[in-house]
Amino acid sequence: MPLDIQIVRTAGSDQTGVYTVKLTGSLDTLTAPDLEKELTPVMARCGKDLMFDLAGLKFISSAGLRVFSMVRKQLKERGGMASFISLQPQITEVFAIIKALPGVGMFTSEAEFDSYIAARQRIVQNGQNGQV
Amino acid sequence: MKLELKGTPGEVMRAVESLQEFGEAKAIPAGILFGLTLALEECASNIVNHALQRDPAQTFEVTLEHTGEAISIELRDSGIAFDPTLAPPGDGVADDEEEPGGWGIFLVRKYTDNLIYSREGGRNVLRLMKSLPLPA
Chain A
59 MPLDIQIVRT
69 AGSDQTGVYT
79 VKLTGSLDTL
89 TAPDLEKELT
99 PVMARCGKDL
109 MFDLAGLKFI
119 SSAGLRVFSM
129 VRKQLKERGG
139 MASFISLQPQ
149 ITEVFAIIKA
159 LPGVGMFTSE
169 AEFDSYIAAR
179 QRIVQNGQNG
189 QV
Chain B
11 MKLELKGTPG
21 EVMRAVESLQ
31 EFGEAKAIPA
41 GILFGLTLAL
51 EECASNIVNH
61 ALQRDPAQTF
71 EVTLEHTGEA
81 ISIELRDSGI
91 AFDPTLAPPG
101 DGVADDEEEP
111 GGWGIFLVRK
121 YTDNLIYSRE
131 GGRNVLRLMK
141 SLPLPA
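Which chain is which? The protein sequence lines are A and B, in order. Positions in the first sequence are counted from 1; adding 58 to them yields our numbering. Positions in the second sequence are counted from 1; adding 10 to them yields our numbering.
There's no promise every hint is true.
Stated by the list, open to error - As a list, the in silico DSBU-like pairs of lysine-lysine whose alpha-carbon atoms are at most 35 Å apart:
{"#": "1", "chain 1": "B", "residue 1": "K36", "chain 2": "B", "residue 2": "K120"}
{"#": "2", "chain 1": "A", "residue 1": "K116", "chain 2": "A", "residue 2": "K106"}
{"#": "3", "chain 1": "B", "residue 1": "K120", "chain 2": "A", "residue 2": "K131"}
{"#": "4", "chain 1": "A", "residue 1": "K106", "chain 2": "B", "residue 2": "K120"}
{"#": "5", "chain 1": "A", "residue 1": "K80", "chain 2": "B", "residue 2": "K120"}
{"#": "6", "chain 1": "A", "residue 1": "K95", "chain 2": "A", "residue 2": "K80"}
{"#": "7", "chain 1": "B", "residue 1": "K120", "chain 2": "B", "residue 2": "K12"}
{"#": "8", "chain 1": "A", "residue 1": "K116", "chain 2": "B", "residue 2": "K140"}
{"#": "9", "chain 1": "A", "residue 1": "K131", "chain 2": "A", "residue 2": "K106"}
{"#": "10", "chain 1": "A", "residue 1": "K95", "chain 2": "A", "residue 2": "K134"}
{"#": "11", "chain 1": "B", "residue 1": "K120", "chain 2": "A", "residue 2": "K95"}
{"#": "12", "chain 1": "A", "residue 1": "K134", "chain 2": "B", "residue 2": "K120"}
{"#": "13", "chain 1": "A", "residue 1": "K106", "chain 2": "A", "residue 2": "K95"}
{"#": "14", "chain 1": "B", "residue 1": "K36", "chain 2": "B", "residue 2": "K140"}
{"#": "15", "chain 1": "A", "residue 1": "K80", "chain 2": "B", "residue 2": "K36"}
{"#": "16", "chain 1": "A", "residue 1": "K116", "chain 2": "A", "residue 2": "K134"}
{"#": "17", "chain 1": "B", "residue 1": "K12", "chain 2": "B", "residue 2": "K36"}
{"#": "18", "chain 1": "B", "residue 1": "K16", "chain 2": "A", "residue 2": "K116"}
{"#": "19", "chain 1": "A", "residue 1": "K95", "chain 2": "B", "residue 2": "K16"}
{"#": "20", "chain 1": "B", "residue 1": "K140", "chain 2": "B", "residue 2": "K16"}
{"#": "21", "chain 1": "B", "residue 1": "K120", "chain 2": "B", "residue 2": "K16"}
{"#": "22", "chain 1": "B", "residue 1": "K12", "chain 2": "A", "residue 2": "K116"}
{"#": "23", "chain 1": "A", "residue 1": "K80", "chain 2": "B", "residue 2": "K16"}
{"#": "24", "chain 1": "A", "residue 1": "K131", "chain 2": "A", "residue 2": "K116"}
{"#": "25", "chain 1": "A", "residue 1": "K116", "chain 2": "A", "residue 2": "K80"}
{"#": "26", "chain 1": "B", "residue 1": "K120", "chain 2": "A", "residue 2": "K116"}
{"#": "27", "chain 1": "B", "residue 1": "K36", "chain 2": "A", "residue 2": "K116"}
{"#": "28", "chain 1": "B", "residue 1": "K140", "chain 2": "A", "residue 2": "K80"}
Please keep in mind that the hints were generated in silico from the structure rather than gathered at the bench.
Start from the sequences and build out the full structure, keeping to the hints where you can.
See below:
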């Protein structure tokens with residue numbers, strides 16, 4: 059089963075925007091290098107946050123988990139976070155088995171993720187204005 | 011079902027797809043089949059990436075068996091002796107301090123009932139066993 063990768067900017071500017079990576083198919087030993095390659099330019103311009111829409115992801119192995127781990131680590135160093143929405147039950151189970159859930163954002167929908175980002179941006183803006 | 015496969019990631023996924031078709035034909039429950047395909051992907055990837063060094067001239071074998079009560083997956087390769095069952099159990103925690111290389115064997119253990127290694131005729135033989143629920 060191949061992996062289809064769609065990357066769209068969902069908010070912000072081209073250089074510091076919030077990007078969504080939509081994965082469909084299988085993230086495995088054959089396709090994980092493709093995702094890593096596609097993410098390299100995105101990681102250079104995505105700012106602090108990156109969202110993965112996994113609604114169409116049917117299969118994942120440790121090769122795919124390693125790519126998510128790399129992204130999570132880089133975003134954490136920037137004070138941001140990798141987020142995941144719409145996981146199928148078998149993918150949620152794999153995440154749970156390796157205890158990948160702590161430290162990443164898990165959202166049920168893109169709207170929920172957008173609310174989170176908006177709330178965080180308000181906190182940053184309030185901080186810059188001297189508000190708490 | 012017996013498969014002879016080349017030492018490439020593409021051949022790993024050919025084995026995975028064969029197991030999916032085999033399992034669907036035998037009406038293996040979807041959750042169990044997902045776990046077994048993941049276990050096969052991890053073990054076969056380990057063989058291809060480490061024992062065979064991704065050399066397409068090298069081959070390994072995968073044999074699938076279904077007894078009605080259980081399903082077994084046997085992998086044979088002619089790489090240097092390597093017993094994955096000796097890997098430390100680990101807790102699989104994906105914290106930033108841990109190298110994620112140990113996740114594969116951790117997932118294999120979670121999704122199978124038995125993992126048996128032997129060295130036979132100069133080849134690594136790894137058997138994955140999974141019991142199946144009794145028919146209703």
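Okay, the hints, checked on the actual structure:
no.	hint	verdict
1	B:K36 / B:K120	holds, 22 Å
2	A:K116 / A:K106	holds, 27 Å
3	B:K120 / A:K131	holds, 25 Å
4	A:K106 / B:K120	holds, 33 Å
5	A:K80 / B:K120	holds, 28 Å
6	A:K95 / A:K80	holds, 15 Å
7	B:K120 / B:K12	holds, 25 Å
8	A:K116 / B:K140	holds, 21 Å
9	A:K131 / A:K106	holds, 11 Å
10	A:K95 / A:K134	holds, 20 Å
11	B:K120 / A:K95	holds, 30 Å
12	A:K134 / B:K120	holds, 28 Å
13	A:K106 / A:K95	holds, 19 Å
14	B:K36 / B:K140	holds, 14 Å
15	A:K80 / B:K36	holds, 33 Å
16	A:K116 / A:K134	holds, 27 Å
17	B:K12 / B:K36	holds, 16 Å
18	B:K16 / A:K116	holds, 25 Å
19	A:K95 / B:K16	holds, 25 Å
20	B:K140 / B:K16	holds, 26 Å
21	B:K120 / B:K16	holds, 27 Å
22	B:K12 / A:K116	holds, 25 Å
23	A:K80 / B:K16	holds, 31 Å
24	A:K131 / A:K116	holds, 24 Å
25	A:K116 / A:K80	holds, 12 Å
26	B:K120 / A:K116	holds, 19 Å
27	B:K36 / A:K116	holds, 20 Å
28	B:K140 / A:K80	holds, 33 Å
Going through the hint list in order, the structure satisfies each hint without exception.
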